[in-house]
Amino acid sequence: MANFNLQEILDFISETDDLVLLRNKLLDLHEYELSQVFLALSDYDLIKIHSLFTDEEIGEIIAYVDSDDALAIIEPLGDKQIASIINTMEPDDAIDVIQELDEEKQTTIFKLLGDEQKEEIAELSTYEENTAGSIMNTNFISITKGSDIKKIMKEIVARAPEVESITTSFVVDENNNLLGTLDLKKIIKTKSPTKVDDIMDTNFVHVNIDDNLEHVTSIIKKYDIYNLPVLKYGILKGIITMDDALDAFYEESEDDYIKFAAVTDVGEATDTILLSVKNRLPWLVLLLFLNIAIAIVISRFDYIFQIDVLSILVVFQPLILGLAGNCGTQSLAVTISEIAKDKLNNKSKITIHILKEFLIGIFTGIIIASISILIAYLVLNNSNSTLEFKDVILTITIALSVSIVSANLFGTIIPIVFYKIKIDPAAASGPLITTIIDIIAIVIYYTLATLLLYNQII
Amino acid sequence: MKKKIKDTINYIYKSDNLLTIKEKCLAFHPADLSILFSKLDKNAREKIYNALDSYELALLFSYLNNPIDYFEELDPKTVSNILENMEIDDVSVILNDIYDDELKSIYIDNLSEETKKNLNYISKIGEDRVGSIISTNYISVETGIDVKEAMKKLVAQADEFEFIDPIFVTKKGELVGEISLNDLIIARSPKLVDEIMDDHIVSIDINEPLAAATKTIRNYSLDVLPVTDNNRLVGIITSDDAFEIFSDIADTKYGGLAGVSTENLSEKSFLKRLLERLPWLIILLFIGVITSNLMGLFEEVIKQVTILVFFQTLIFDMAGNVGTQSLAVTIQRLVDSNIDKQEIKKHLKKEIRINIINSLFLMVIAFIVCSLFLTIYKTSYSIFLVSLVVSLSMGITIITSSFFGAILPILLSKLKVNPAVGSGPLITTLNDIIAILIYFSLAALLFNLVI
Chain H
0 MANFNLQEIL DFISETDDLV LLRNKLLDLH EYELSQVFLA LSDYDLIKIH
50 SLFTDEEIGE IIAYVDSDDA LAIIEPLGDK QIASIINTME PDDAIDVIQE
100 LDEEKQTTIF KLLGDEQKEE IAELSTYEEN TAGSIMNTNF ISITKGSDIK
150 KIMKEIVARA PEVESITTSF VVDENNNLLG TLDLKKIIKT KSPTKVDDIM
200 DTNFVHVNID DNLEHVTSII KKYDIYNLPV LKYGILKGII TMDDALDAFY
250 EESEDDYIKF AAVTDVGEAT DTILLSVKNR LPWLVLLLFL NIAIAIVISR
300 FDYIFQIDVL SILVVFQPLI LGLAGNCGTQ SLAVTISEIA KDKLNNKSKI
350 TIHILKEFLI GIFTGIIIAS ISILIAYLVL NNSNSTLEFK DVILTITIAL
400 SVSIVSANLF GTIIPIVFYK IKIDPAAASG PLITTIIDII AIVIYYTLAT
450 LLLYNQII
Chain L
0 MKKKIKDTIN YIYKSDNLLT IKEKCLAFHP ADLSILFSKL DKNAREKIYN
50 ALDSYELALL FSYLNNPIDY FEELDPKTVS NILENMEIDD VSVILNDIYD
100 DELKSIYIDN LSEETKKNLN YISKIGEDRV GSIISTNYIS VETGIDVKEA
150 MKKLVAQADE FEFIDPIFVT KKGELVGEIS LNDLIIARSP KLVDEIMDDH
200 IVSIDINEPL AAATKTIRNY SLDVLPVTDN NRLVGIITSD DAFEIFSDIA
250 DTKYGGLAGV STENLSEKSF LKRLLERLPW LIILLFIGVI TSNLMGLFEE
300 VIKQVTILVF FQTLIFDMAG NVGTQSLAVT IQRLVDSNID KQEIKKHLKK
350 EIRINIINSL FLMVIAFIVC SLFLTIYKTS YSIFLVSLVV SLSMGITIIT
400 SSFFGAILPI LLSKLKVNPA VGSGPLITTL NDIIAILIYF SLAALLFNLV
450 I
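In order, the protein sequence lines correspond to chains H and L.
Counting with numbering that gives the first Met the number 0, you get residues 0 to 457 for the letters of the first sequence.
Counting with numbering that gives the first Met the number 0, you get residues 0 to 450 for the letters of the second sequence.
Isolated chain L (complex conformation) (with noise of 0.2 Å):
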């Protein structure tokens, strides 16, 4: 494939055959044209601009990572020509990234009626909902017409809609049944397809989120999904949404557990990436600073009963372990569905309960091999007290930290920051500071120092 682009990209650059550079196009999936295409001049793009139509060019910039990049290079016209060649959900997502606004009305002004109708009913719905990536690629026939009409209809329209398995069936613009090519086509006239439809339709409406849209989707083994608008249809969502919507919610969660974004990155620069990591860090070490500055507070507990040294990190692994899991399933309970009031408390009561079972059992198995431990290593200190701080510091700091791993993402969402970007290393570095208050105030405590 990589030999075949570069012997294109090669004939593109050496003629001006417009017909051949079409041919050879369009022996391309528009996924791989989309590549060979971003790695052109100027002055190349300007022959493929010329020798593809404006379906054919849609279909490509349906691919690129940033079409509104090459929207320079077009007369207006031309753009409109393309944007109302291509998905309604693209137009919409391009239009918005268009920061000129004096630019963006050219473009719409000379869009059809229909696809303005369009842009204006979808931009009514929310990022997050099942109406933001609906797709009008489907056929649908009236209820009361006869197969052969619509295997008329079907044979009529193939080429100009992507998904015709099943078409569906209307009543009055109300979804009432689909029928799978397999059985229309079998179908023998005179039958109406009312006779074959099947009318126990799974759909969606179109104000569901779309982690809805995914799980039925997926659920349901289907191609197509059925999108209705008080019980009207208006769109599809097809498997291939699903995948990238999967993709994106997996991308969103190891943001959120590790505070890197794993989007697109082999397209990244290595600045870019480096980037993007960097202001993460930079905060987690100036709370680190403050964690040093508590810590010297203790200075004395800890050069008193050295021994404390050894099992800190223990306590603020485990602390940060455990917050890592309730972060996670927090992340996962938010990207499924929407929370509300009542199941937020019920998740942080639930959080709690699982880890003051867990923080019991590691604070015994703690407490029994921190005691193994200190035996064999002779320690002057009493072995049972620094068991007890070790694994009461522990189990309190474990149960603290999964209530942050809990709430945290959930506070997140709701001030509408998205709840993955970076949640786990800041809840690693407050357990931190949770941690070393709890251990050597204890310690102090148990052992009666003064501060």
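Extracted from the complex, chain H is given alone in its bound form (with noise of 0.2 Å):
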């Protein structure tokens, strides 16, 4: 990589006078790399620094980083400054940092916005998040069919400087019906004249504008394809680009992953210590409330304790609890990972992995279940009890097998459920479910328990 120091950038802003200098010592930098540089200012330096770029640049300069990261780098500039600047940005980046700001400055700046970038924008937040729409750009190479190639070169030409890539262009009816995509390649190797409609790629693939993202980097990722066209009811919109897609797959499986533990922010390994308590102890607080729920619902079955010969059972507790609990999660872990690659995208393929989860769950319970038998005998056979053998173990290995089946079942519903009515499923995470299924298996054990042992012995 460059050798891009942070900071020394940071030590040569906060030394120098001579803001010629500094300049070109910054436009050496990458986008990304001042973007950095900027976020790490203090706001009296982050003026200075400020007005040493145009709106442009510090337009291109916010692009590279998220939105409320962007947000912070031009907060401290005034109101015209803040809609000039998002003025020459990319629409769907525009309307990100727009969405960070409070509602009163929403439409302050909104208003400041010139004529052109408000229609989009307008156009843009009409699609939901999370779907095709709220991440395509507009900035695209089009030609009607039946142009020359040579035309296309020319387009090309003229619109090089600030379109984001050359490589794909699209070919439309009058109507902005996509025919066709063209690569540069072809164009370069093509003699007019030439027809584009003879060389482009009709079998091209898209997706519809309010496809969830999901299905989006599915497709990208599987398809491989750097300018993926969005179209709605067949009419080109817009294209989403590799780099946009790369990041809303990396942002979505870092917030499954971090759901998935609890934690609200894995965060940086230089985060203080306040930052990871401020991250974690929350869904902490929360779990613990939950488990004062299990120990009520222990409560309940406290007649069992208080049989003296019962008390073995206890201690097959944390077995029973620990196998269906991490069965739940496996099945969890395994739910989440599938909606996140588009896999359960239809009635039929869900109904498929549910079945198929369950009968996982069923063969588990049944062998896990004959496993424990043959320990059982071999680790209660000294026990001087007064119960039925036969009816402990009958109580210990039921509970286990039926709470990993109801575990299997519960970790792979509940994410499904939570998708369908549009709670990000990951929310279902490990610690939770982990805690709803010891509620469940503590009732299937200690019912049993009751029903199989205690009414043999009042």
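Treat the hints with care, since some could be wrong.
[As the list claims (entries may be wrong)] Residues from chain L that face chain H, not an exhaustive set, calculated with beta carbons under 10 Å:
#1 A26
#2 Y69
#3 G172
#4 P208
#5 E262
#6 I281
#7 T323
#8 Q324
#9 N357
#10 D431
#11 I432
#12 L436
I should point out that these hints are in silico values taken from the structure, not numbers from a laboratory.
Every residue, glycine too, gets a C-beta built ideally from N, C-alpha and C.
Once you've looked at the hints, go ahead and assemble the two chains, each given alone in its own frame, into the complex.
Structural data, given as structure tokens:
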């Protein structure tokens, strides 16, 4: 990597008064690196540095960071300049930054934007979050069918300075219906006169504007597409570039992971202890209260523990809860991952997935139960308990296998239900599922114990 | 798409017209063609082998999940031809997977000298290093040539190389700049490439970890990241590679937390999925038996203070939850970068500090809620003592559990075991054992019981 040393740059900024030299030095940096410099500056230095850049340059720089960081960089500036910077940005990035503002400021800034940008943003904001429309950009090269390749070449040369990538162009009809895609490779190889229709690729892959991001990223990943056309009723509305899709995919999978582990943010190695506490403690407090619920459930079965010989049952409680919890977490991980990969995108796939997990649960339950019967003989043999030996084993193994099956079911169904009612499926995090499964397993275990053992004694 | 694949399969079975078969096959994206291909029988596959040229076959094979399975249907020469046309990183992976050494050397013998050299070069680089996935699918020009010449080279090689934006500029092999296609196409001769190239290039060394490459690609929003070896340009990594790596990392991390593989699920049979999960569960069952035995030692304590049973799960679960959090953070650090000794110490210290603070908070809450619950429940035991035992043991187990959560994946990775494989379940059960010891010993101590 080019040797980018953030501290060195920051030192230079605070030391130098030669603004021309400073600008030249900063212009040597990549926009991403500049964004990191901006984020590290104090408000005072930030305003000084801002004066060295044009609004357009700032717009490019902040496109490299998350929208909240982007806002942090331009927030110290006046409304007019903020608007002018947002005006230069790609509409999909611009809208993200605007949405970070509080409502009042949103209206103020929006009013100050150019008409064209206003229109684009207004249209983009009609698309729901988490859909193809929300991350597409509208800056691409298109050409009407029947044109000669000379014309498209001219168009490409004319627009090369402003579009992100010229490697793919799009052929449309009069109504903007997408007919085919055209690789620059093909264009430069072909001699005029040739109509674009003759060399375009009509087997293009596309997504629809309201397709969800899981679908979009799975398509881009599967087909390795760098410029994916986004259609609305066949009409070309925008493109999604690989880097935007990669970003979306990365963020989504990070988000799934942290929720799965019940933290608010995995954070960076450099985070302060206090920040880490803030990321973890709320989850733990929530889980603590849920666990109190478990204590309450167990207390409903207190009559069992009053009987001396039955206290043996408590000894097996961790085993049952532990295994069931694990099975549930496995099903949960598998289901969240499948949802993220867009593998559960229709009813029959969901049904098959649930059935499979259910069956896995049943087989696991049977196998684990048979092994534990074997072990139980070895462990319980010497116990001089007055209980019917086979009843104890029966209680434990039935509770174990029924808990495992229901754990698999819950671990599978809860995230799917969340997904269907548009809650992030990963919110059904591992610890949360484990706790729920604990409650279920306890009810199963002690109810069985009541039926099979307690009633026998009383 | 499904119907189109089905129709084409039917056509291939019926027809012997190789030209039409070729045409129909090439109408598919190779990703879809690979799905179609894997549904054919041997006879039909034979037709595909004859219809497509080795370049087209190479593209198809690079999308197949198990290309080696089909090699025995082909004569070694054809296999070599296909390999010759594949990306060098794919070839390396495929050859590594062939167990028959004799066959492998035949395939390698038939490759061109250049491919052999490249293979040899990347085989020396570790699996998790940038070099293991580089491709040579880019165009580079030397400094000092005119833009017209560069354009000519681009036109001549555009078909052969997949990534033409940007093209790279080298000086005696050393990477000195890059030219975006946008700039090249509007440049007018006479002008040297040096004038339009961007000499502030983001690149990565061939020995850097893969995670560093993906991070760079994402941060800088790159499509193509040039890879250098002592500043010499040796290949590129592309953002579709980064996509694959991110996806693998995500799978690995889940594997770590849940002890289950989430990779390529839909292609795995039911039995395979079952068998993948069972080993962990059986291990856990055995550990569970140990736990039960251990708890059996405290049977007297339990009999005398039965109320302890109510809160046992709470202590186990909270310890497990904290362990999971520490584990998740540690796995994330491990996939992000390699941790050295000093950082390990720092990391462990930090995890413990975080959880001391967390456990203090939780202990206070647990004590209050526990007392409240016991007051309502009307127990005959000392509410204060029970609440104290519960909150104290919870606090202590939380801290030990966070320590294990942080150290276990690091230990596993030092032992060259994938840190992600099932650390989660292991930690939870480990915590159970510690929690039992602490909880019941503490109770025995405070209630003056003899075990």
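For each hint, the structure was consulted:
1. Against a cut-off of 10 Å between C-beta atoms, the interface hint on A26/L holds, since the closest Cβ of chain H lies about 6 Å away.
2. Taking 10 Å as the C-beta cut-off, the interface hint given for Y69/L is violated, the closest approach to chain H being about 21 Å.
3. Restraint check, G172/L versus chain H: the minimum CB separation of about 18 Å is more than 10 Å; hint violated.
4. Against a cut-off of 10 Å between C-beta atoms, the interface hint on P208/L is violated, since the closest Cβ of chain H lies about 12 Å away.
5. Proximity of E262/L to chain H holds as hinted, the smallest CB-CB distance being about 9 Å (cut-off 10 Å).
6. Contact between I281/L and chain H, as hinted, is supported at the beta carbon level, the nearest pair being about 7 Å apart and thus within 10 Å.
7. A hinted interface residue such as T323/L counts as satisfied when its beta carbon comes closer than 10 Å to some beta carbon of chain H; here the least separation is about 5 Å, so the hint holds.
8. A hinted interface residue such as Q324/L counts as satisfied when its beta carbon comes closer than 10 Å to some beta carbon of chain H; here the least separation is about 5 Å, so the hint holds.
9. With its C-beta approaching chain H no nearer than about 5 Å, N357/L sits inside the 10 Å limit, and its interface hint holds.
10. About 5 Å separates the beta-carbon of D431/L from the nearest beta-carbon of chain H, less than 10 Å, and the hint is met.
11. With 10 Å as the threshold, the beta carbon of I432/L comes within range of chain H, its nearest partner Cβ sitting at about 9 Å, so the hint holds.
12. Taking 10 Å as the C-beta cut-off, the interface hint given for L436/L is violated, the closest approach to chain H being about 12 Å.
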